[in-house]
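So the chains spell out like this:
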Amino acid sequence: MNVLQVRDLTKRHGRKHNLVRAVDGVDLDVPAGQMLAVTGPSGCGKSTLLNLMAGLERPTGGQVWLAGERIDTAGERALARLRRRSVGFVFQSFHLVEELTAAENVELPVLLAGGSPRAAKRRAGQLLDQVGLADRARQLPWKLSGGERQRVAVARALANEPLVVLADEPTGNLDTAATNEVLRLFADLRAMGQTVVMVTHDARVAATADRLVSMRDGVFVEDTWLGGGSGWLDGLFAMGD
Amino acid sequence: MQDAILAMLAKEPSHGYDLGLRLRRALGPLGGSMNAGQVYVTLARLEKAGLVVHERSAGSPDRPDRKVYALTDAGHERVTAWLAEVNRPKPDLVEFHLKLAAASASRLADPVELVDAQRRELLRRLAEAQRAVLAEPEGSTGGLLLEGIALRLQADLRWLEACERVWSRRADA
Amino acid sequence: MGRLLLVSRLVLGDLRRHPGPAVLLVLSTFVATAVLSLGMSLPGATERLYLQTRAATAGPDVVALAPGMGGATDAVLTSLENAPGVVARSRPYRQFFATLTTGGGEARAIVLGADAKPGPIDRPLVTSGRWVRPGGVVVERGFAGAVGVDVGDRVAVAGRTFPVVGIAVTAARTVYPWAMMGGPGNGPSDGAGLVWMTEPDTRPLAASGLPVTSLVYLRMADPADTTRYMAFYHDTPNSAGGRVGDSAARVNSFTWQSMAHQDDVYLRDGQPILIIGGWLLSFMAVAGLSTLAAGRAAAQARRAGLLKVVGATPGLIAVVLLAEYLTLALLADAAGLALARLAAPTIINPSGSLLTADAGPHGGAVVMTTVVAVGVAILTAAAPALRAVRANVDRRPDHLVLLSRMAGWLPVPLLLGLRLVARRPGRALLHAGGTATTAIGLTVLLMVHAQPRDGWDLGGVTLADLADDQSRRLLAGVTAAMAVLAVVNTLTMTWTTATESRATMAVARTLGATPGQVTAGLAAAQLLPTLPGAFLGIPLGLSLHWFFGPADQPPTPLLWSVPPVLLLATGLLSVVPARLAARRSVAEALAA
Ligand SMILES: Nc1ncnc2c1ncn2[C@@H]1O[C@H](COP(=O)(O)OP(=O)(O)OP(=O)(O)O)[C@@H](O)[C@H]1O
Ligand SMILES: [Mg+2]
Chain A
1 MNVLQVRDLT
11 KRHGRKHNLV
21 RAVDGVDLDV
31 PAGQMLAVTG
41 PSGCGKSTLL
51 NLMAGLERPT
61 GGQVWLAGER
71 IDTAGERALA
81 RLRRRSVGFV
91 FQSFHLVEEL
101 TAAENVELPV
111 LLAGGSPRAA
121 KRRAGQLLDQ
131 VGLADRARQL
141 PWKLSGGERQ
151 RVAVARALAN
161 EPLVVLADEP
171 TGNLDTAATN
181 EVLRLFADLR
191 AMGQTVVMVT
201 HDARVAATAD
211 RLVSMRDGVF
221 VEDTWLGGGS
231 GWLDGLFAMG
241 D
Chain B
1001 MQDAILAMLA
1011 KEPSHGYDLG
1021 LRLRRALGPL
1031 GGSMNAGQVY
1041 VTLARLEKAG
1051 LVVHERSAGS
1061 PDRPDRKVYA
1071 LTDAGHERVT
1081 AWLAEVNRPK
1091 PDLVEFHLKL
1101 AAASASRLAD
1111 PVELVDAQRR
1121 ELLRRLAEAQ
1131 RAVLAEPEGS
1141 TGGLLLEGIA
1151 LRLQADLRWL
1161 EACERVWSRR
1171 ADA
Chain C
2001 MGRLLLVSRL
2011 VLGDLRRHPG
2021 PAVLLVLSTF
2031 VATAVLSLGM
2041 SLPGATERLY
2051 LQTRAATAGP
2061 DVVALAPGMG
2071 GATDAVLTSL
2081 ENAPGVVARS
2091 RPYRQFFATL
2101 TTGGGEARAI
2111 VLGADAKPGP
2121 IDRPLVTSGR
2131 WVRPGGVVVE
2141 RGFAGAVGVD
2151 VGDRVAVAGR
2161 TFPVVGIAVT
2171 AARTVYPWAM
2181 MGGPGNGPSD
2191 GAGLVWMTEP
2201 DTRPLAASGL
2211 PVTSLVYLRM
2221 ADPADTTRYM
2231 AFYHDTPNSA
2241 GGRVGDSAAR
2251 VNSFTWQSMA
2261 HQDDVYLRDG
2271 QPILIIGGWL
2281 LSFMAVAGLS
2291 TLAAGRAAAQ
2301 ARRAGLLKVV
2311 GATPGLIAVV
2321 LLAEYLTLAL
2331 LADAAGLALA
2341 RLAAPTIINP
2351 SGSLLTADAG
2361 PHGGAVVMTT
2371 VVAVGVAILT
2381 AAAPALRAVR
2391 ANVDRRPDHL
2401 VLLSRMAGWL
2411 PVPLLLGLRL
2421 VARRPGRALL
2431 HAGGTATTAI
2441 GLTVLLMVHA
2451 QPRDGWDLGG
2461 VTLADLADDQ
2471 SRRLLAGVTA
2481 AMAVLAVVNT
2491 LTMTWTTATE
2501 SRATMAVART
2511 LGATPGQVTA
2521 GLAAAQLLPT
2531 LPGAFLGIPL
2541 GLSLHWFFGP
2551 ADQPPTPLLW
2561 SVPPVLLLAT
2571 GLLSVVPARL
2581 AARRSVAEAL
2591 AA
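Chains as they are written, first to last, in the working numbering: chain A, 1 to 241; chain B, 1001 to 1173; chain C, 2001 to 2592.
Just chain A, with the same shape it has in the complex (with noise of 0.2 Å):
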């Protein structure tokens, strides 16, 4: 079954000489389970497509279909509940709330779709360990590392079990090092099984996912399959000696 379905998405910004294709007739199928990186130039329109799957703006053109529901023309409420719902959201500055600790953001996602503070802390204090920041929770996001950060806002896009996680950049601002924790945390997801969308044009990150589509001026230059190891390493070693 598709999570995330595209069908000749288009987003233009401007007009005549002003005028700036960022999506341009874009058609996609991710199926549940699957971990698809998108990569491209700066300003090929990765950004705005991940915007557009997932409602934060509005297309030109086209639909997108979210767990088999028309997103591009539905209303604030319901986008705002699919929002709360299915997806999950990681981006490149974070953006935690900066008046809340670390768990009262992971909480937040929780109280926002109804449930109750005694869940939403259960919730908070299980993810904050399993990416690994059980002793941060009670620091506000200014006194945590930039690595630290994201990894609390990968524990609160997953706060209500999304449908999909999109990510923009999740490693953007990150150091080899703290890169390398947030990508763990990534493969821990693909192992789990969950969806998730992200872009970069770090061609490492890119690496990590099972599909790799290349964008090209707001259009789809290439779809690789990355699954499955070809067994070069092995090779390699056994070259060596």
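The hints are simulated quantities; they were obtained by calculation from the structure and are not laboratory data.
Since we're looking at a predicted model, the values are computed, not measured.
Each residue gets a CB set at the ideal place from its N, CA and C atoms; glycine is no exception.
Hints may be right or wrong, so weigh each one.
[Said to hold, decoys possible] Per label pair, the in silico range of CB-to-CB distance:
| # | chain 1 | residue 1 | chain 2 | residue 2 | range |
| --- | --- | --- | --- | --- | --- |
| 1 | B | 1002 | A | 177 | 52 to 60 Å |
| 2 | C | 2382 | A | 27 | 58 to 66 Å |
| 3 | C | 2020 | A | 173 | 54 to 62 Å |
| 4 | A | 227 | B | 1162 | 23 to 31 Å |
| 5 | B | 1002 | A | 176 | 49 to 57 Å |
| 6 | C | 2386 | B | 1162 | 45 to 53 Å |
| 7 | A | 69 | B | 1002 | 55 to 63 Å |
| 8 | B | 1094 | A | 27 | 36 to 44 Å |
| 9 | B | 1152 | A | 172 | 17 to 25 Å |
| 10 | B | 1002 | A | 221 | 26 to 34 Å |
| 11 | C | 2571 | A | 188 | 28 to 36 Å |
| 12 | A | 16 | C | 2426 | 47 to 55 Å |
| 13 | A | 221 | C | 2020 | 42 to 50 Å |
| 14 | C | 2015 | A | 16 | 30 to 38 Å |
[Stated by the list, open to error] Chain A side only, calculated, beta carbon under 8 Å to chain B, not exhaustive:
| # | residue |
| --- | --- |
| 15 | 140 |
| 16 | 144 |
| 17 | 148 |
| 18 | 184 |
| 19 | 204 |
| 20 | 207 |
| 21 | 208 |
| 22 | 219 |
| 23 | 220 |
| 24 | 226 |
Put chains B and C with the ligands on the given structure of chain A with help from the hints.
Showing chains B and C with the ligands alone in chain A's frame:
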């Protein structure tokens, strides 16, 4: 070198001197270190292998008596195979660069497609290496080697991105 | 030189990029300094105006009046030239207790028989038209304004019609409506205005048997020393063998000092209104401006950080911040003083009976308001400047634990609102303080308007009580200024809260909060501090009113409307930016 010269001949039969010029142009600043004799030695070797043949051209007044080299059928086959081939442990920079230049000149292949194919392959390898890296616990020595492999692959991929940018702009122009 | 250029360039750049806060700063400071300087220029203002009028009209040092006319009365009055300190006197003049009839009705008037060419003492200053001529009268300016006559109008004096040929002011009379200076027979005075006509024109008045009083103007050797004269004239024998002052032909003397103080009656009520209003407005300005400054603190700290990176010293950063606020505050102060100067004549000379060429804030008031304006600027800039200079660590106050814990059990909008409040308790206090100040102003205003009003009885017509009118007008002005500042402050606070919480609210929306929830959260964050502020302002306003006004006046039921009105206004003002923000796409809001 052999393959590059073969590919250059695929466009049209040429004098050894012209071939040298074209090679040097493709290599840019690095081409200065190539000596002219190398081209003739290589051509002779290729001829022996039955990949090229030469005929004397009617000498022009200023430079009489010149050999014009052309591909044989076997030579053609070899060029096509070379252009399509991606499955090397890692691309030799100079060779790959010449391949793109030759592909573009001979129109036997689209350089952008060559880059894409190469990149797909490298990405698959990187995916494998990266997964292995992430599978290693943090700080293990075994992971260190994998990290090195992944970083090299990443560097190669970056270069391929640059290649693609330049060659696709060429194609547009 | 280069440094000066740098500072001015930075200041100008900031002003150009953020004109809104600059406008608010100027507006708030302007209103506060205008009102404060007006309030501060009231003490002694009338006396200054009187002195000015006295100098311009050769005002007498003493006016002595005795009932009746004729030899005996004149003899008593002329004998006063022998009183101690007196160096000169005028001839005796007559004033008749008559009426002035205009289109609007009939008012009590004192008709003074004047010289066609005034003598050395008391030379009334004609402010429009010309001086009396046979068959033409001149009306005192305050009186003319009150009954609405002008040069060229025709009026009836004791039944005879005259054209008004001029309007004049004099220092020989207490200001309108106290022109009588003792009723017929030196009895108690009623309100009346002053009319001059030539001596021959007054003869029919004398013949018709209207009550009359004679008067002379005296000049003293030392105008400051009128006490010896006042002590003496009670001991002067009069023609009836009694004593001047308590005899049948009584003499009633008015020194120039007593006339100067008479006008104060107008300002006795106005002064506290203006001074208290000025301070309230200053406080409101500080409340609003601090919110503004706090709202911009983050941006300023970032700016300071950038400056530091390129090598600016902490001192320079402080100078840039202070220079901006100081320049704006001084600008606003100058504008406020200018407005005070323009408004002063009507405020301190409500009757129009005095010259006002020299009205307006003087040394003390100018210094004081400038100090206040500079203080506001320093208070506003100090916190961000200090923070910017000290460290670049962005410290946030640790949250109020109880409030946050409570918030966990509330609906999501309230939760968001409470959290926003809990993170910025200082801001919430400021907001509450600003609201309380507005509530105080509204309370005092409602209480004053609930007072019964009396007018002045001028015989046939009842003219408005100028003093009461004056204080009401001032109060309305102060209230209008307060309303302006209240709106400005509420806008500032809602704007600040909206911008500060924009990121939070956008993130909340990516997590699935509806636009309604986000709007409600923002409104909750604003209304929570408004509520206690609005309720606290009422008792404070009442005690202020009872302290300066009638202490026995019961609170008007209208006061109950103050909190709802304030809450409604704040709610509306805060919903607008929230709704606008909610209309934008989430992606846009996040990128902002
Ligand atoms: N609100 C907007 N108005 C006008 N143009 C826009 C707007 N938002 C995006 N664009 C344009 O749309 C194009 C795609 O932008 P987008 O942010 O999706 O790129 P991206 O692939 O995410 O780039 P990066 O890797 O740098 O983040 C860009 O050319 C950008 O300038
Ligand atoms: Mg982007």
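Going down the list of hints, with the structure as the test:
Between residue 1002(B) and residue 177(A), the C-beta spacing of about 45 Å breaks the proposed range 52 to 60 Å. Between residue 2382(C) and residue 27(A) the C-beta distance comes to about 59 Å, which sits within the given range of 58 to 66 Å. In this structure the hint that residue 2020(C) and residue 173(A) lie 54 to 62 Å apart at CB is violated, the actual value being about 31 Å. Take residue 227(A) and residue 1162(B): their Cβ atoms lie about 27 Å apart, and the range 23 to 31 Å holds.
Taken as a hint, the range 49 to 57 Å is violated for the pair residue 1002(B) and residue 176(A), whose Cβ atoms sit roughly 40 Å apart. Checked against the hint of 45 to 53 Å, the C-beta distance between residue 2386(C) and residue 1162(B) comes to roughly 49 Å, which is consistent with it. About 60 Å separates the C-beta atoms of residue 69(A) and residue 1002(B), a value consistent with the hinted range of 55 to 63 Å. Residue 1094(B) and residue 27(A) have their C-beta atoms about 39 Å apart, which keeps the hinted 36 to 44 Å range intact.
One distance hint, 17 to 25 Å for the beta-carbon pair residue 1152(B) and residue 172(A), holds here, with the actual separation near 22 Å. Taken as a hint, the range 26 to 34 Å holds for the pair residue 1002(B) and residue 221(A), whose Cβ atoms sit roughly 33 Å apart. For the hinted restraint 28 to 36 Å between residue 2571(C) and residue 188(A), the CB-CB distance of approximately 46 Å leaves it violated. Judged by the Cβ atoms, the range 47 to 55 Å given for residue 16(A) and residue 2426(C) holds: they are separated by roughly 49 Å.
Restraint check, residue 221(A) to residue 2020(C): a C-beta distance of roughly 46 Å satisfies the suggested window 42 to 50 Å. Separated by about 34 Å at the C-beta atoms, residue 2015(C) and residue 16(A) satisfy the suggested range of 30 to 38 Å. Evaluation of the residue 140(A) hint against chain B yields a violated restraint, the C-beta minimum of about 26 Å exceeding 8 Å. The interface hint given for residue 144(A) is broken, as the beta carbon of that residue sits about 19 Å from the closest beta carbon of chain B, more than 8 Å.
The beta carbon of residue 148(A) comes no nearer than 15 Å to any beta carbon in chain B, farther than 8 Å, and the hint placing it at the interface is violated. Using the Cβ-Cβ criterion of 8 Å, the hint placing residue 184(A) at the interface with chain B is satisfied: the shortest such distance is roughly 5 Å. Residue-level restraint check for residue 204(A) holds (minimum Cβ-Cβ distance to chain B is 5 Å; threshold 8 Å). At about 4 Å, the closest approach between the beta carbon of residue 207(A) and any beta carbon in chain B falls short of 8 Å, and the interface hint on this residue holds.
Given the 8 Å rule on beta carbons, the hint for residue 208(A) holds: about 6 Å separates it from the nearest Cβ of chain B. At about 13 Å, the closest approach between the beta carbon of residue 219(A) and any beta carbon in chain B exceeds 8 Å, and the interface hint on this residue is violated. Annotation: interface hint on residue 220(A) violated; nearest CB of chain B at approximately 13 Å, more than 8 Å. A distance limit of 8 Å between C-beta atoms decides the matter here; for residue 226(A) the minimum to chain B is near 4 Å, and the interface restraint holds.
When held up to the earlier numbered hints, the structure conflicts with 1, 3, 5, 11, 15, 16, 17, 22, 23 and fits the remainder.
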